[in-house]
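Visitor: Sequence:
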Amino acid sequence: INIAAETLSSDILIDPLRIPKVAVLVPCCGEPKEVIERCLRGCLFLDYPNFEIWLLDDAARHELAELSRQLGCHYLARPQRSNAKAGNLNHALPYLQAELIAVFDADVVPLENFLNRTVGLFKNPLVGFVQTPQTYMNADPVMRNLRLERWLMPDEESFYRWIQPDRQRLGAVVCAGTSFVMRCKSLEKVGGFETQTASEDLATGIRIIAAGYRGIYVPEKLSAGLAPFTIQAMARQRSRWASGTIQTLCTGANPLTIPGLNPIQRLAFLEGILHWCNVIPQLFLLFIPLSIGIFGILPYRITSGGLLTIVIPFFLSQLFLLPWLSNGSRGALMPELYRWVFILPLAESVISTLLGYPKAFQVTPKSISREGMNGSKFRLVAPLLIILTIQLISSFTLIMHHPLVPTQGALDGL
46 INIAAETLSS DILIDPLRIP KVAVLVPCCG EPKEVIERCL RGCLFLDYPN
96 FEIWLLDDAA RHELAELSRQ LGCHYLARPQ RSNAKAGNLN HALPYLQAEL
146 IAVFDADVVP LENFLNRTVG LFKNPLVGFV QTPQTYMNAD PVMRNLRLER
196 WLMPDEESFY RWIQPDRQRL GAVVCAGTSF VMRCKSLEKV GGFETQTASE
246 DLATGIRIIA AGYRGIYVPE KLSAGLAPFT IQAMARQRSR WASGTIQTLC
296 TGANPLTIPG LNPIQRLAFL EGILHWCNVI PQLFLLFIPL SIGIFGILPY
346 RITSGGLLTI VIPFFLSQLF LLPWLSNGSR GALMPELYRW VFILPLAESV
396 ISTLLGYPKA FQVTPKSISR EGMNGSKFRL VAPLLIILTI QLISSFTLIM
446 HHPLVPTQGA LDGL
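Here my numbering is used: the first residue of the sequence shown is 46, the next is one more, and so on.
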């Protein structure tokens with residue numbers, strides 16, 4: 046990957062007219078002006094001689110049109126705001142006269158060498174898109190509130206450090222919606238960005254790979270965006286990801302039915318979609334103590350021998366192996382914290398999507414003021430408090446009215 050990009054840099058010095066033109070697209074819909082301006086100014090400093098910048102404003106704000114004029118960027122707003130981000134991007138495609146497009150969310154700022162490190166890969170005509178990691182300027186609210194920013198990697202790091210490189214080897218790289226470059230011809234071949242799901246990035250990437258192109262992952266952090274500022278904003282973001290990803294199964298990009306993928310690619314994409322459904326059995330795990338403490342039902346049988354030879358070794362291996370495998374950057378308990386904080390909104394999003402009522406697309410707020418005092422924080426915390434209260438009642442009942450270790454007769458009765 047690096048050799049290809051460095052070769053492109055040499056070509057620039059020899060003949061700038063040989064390199065492809067890139068249209069840098071910045072879709073936005075209501076983000077603060079200062080956030081958008083920072084993104085545009087970062088794009089202006091890209092160290093690449095043949096590109097243009099397009100601000101795609103789905104809110105049609107006059108102040109952004111004036112900002113684009115001052116910075117020398119193209120400005121485009123559409124009369125109809127259908128199909129969310131995918132519709133916004135598709136609306137811009139007929140106006141472009143470029144071989145490649147680079148897409149950045151409005152809160153993302155690219156490094157100046159972003160295009161030099163990615164465009165060279167398109168010398169291979171089979172490359173359809175190139176994805177780079179998403180990284181954030183600020184800590185997410187879970188890590189920030191616990192003051193763990195300096196001790197643990199961000200939650201998204203595991204995906205971009207380990208999972209995407211594995212997908213690269215399988216030919217099943219996920220297009221992540223921002224900080225990517227895409228060949229216009231490959232996009233035209235699949236009819237533009239997928240509009241039938243809120244995860245247009247994943248579905249479009251699957252379509253492009255199924256059409257015979259390759260997705261390439263560059264494991265270099267070449268841009269940085271903004272993580273959600275609040276827990277409720279982060280919950281909204283992840284609920285949208287879950288709903289939109291599962292919606293892909295109802296589109297022409299369904300990895301089980303779309304022609305052009307090999308069995309390994311189908312399995313890889315299907316795993317990426319169905320892993321969101323893990324929240325359903327995890328939700329049931331929350332209620333197992335209730336069956337013991339309140340209803341007096343033991344959902345599974347365990348003996349002291351099984352506890353010593355199976356359960357304890359299993360949990361100890363989880364505690365010690367994961368930090369070792371991640372070179373001390375990842376623990377076994379912190380990922381569980383993310384899971385339990387967001388399990389209820391994620392479960393609600395997954396179940397409603399499976400029942401045919403997917404979540405509507407909503408832009409993740411890029412400022413605290415956007416959240417307002419609308420009670421969303423209470424709606425997120427209240428169910429957790431209720432479950433915690435029931436768990437405490439269950440534990441108290443278990444201690445007061447049931448033996449801590451079931452008798453052999455009780456176990457035989459099961």
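Don't take each hint at face value.
[Said to hold, decoys possible] Here are the computed distance ranges between Cβ atoms for each label pair: (1) Leu-361 to Tyr-140: 27 to 35 Å; (2) Ala-405 to Ile-325: 49 to 57 Å; (3) Asp-211 to Glu-97: 33 to 41 Å; (4) Pro-210 to Glu-157: 20 to 28 Å; (5) Glu-97 to Phe-360: 25 to 33 Å.
If you are wondering where the hints come from, they were derived from the structure by calculation, not from laboratory data.
The beta carbon of each residue, even a glycine, is placed where N, CA and C say it ideally should be.
Visitor: Now tell me, hint by hint, if it's right for this structure.
Guide: Tested hints:
For the pair Leu-361 and Tyr-140, the beta carbons lie near 59 Å from each other, so the given range of 27 to 35 Å is not met. Take Ala-405 and Ile-325: their Cβ atoms lie about 22 Å apart, and the range 49 to 57 Å is violated. Between Asp-211 and Glu-97 the Cβ separation comes to about 35 Å, which falls inside the hinted range of 33 to 41 Å. Between Pro-210 and Glu-157 the C-beta distance comes to about 25 Å, which sits within the given range of 20 to 28 Å.
In this structure the hint that Glu-97 and Phe-360 lie 25 to 33 Å apart at CB is violated, the actual value being about 55 Å.
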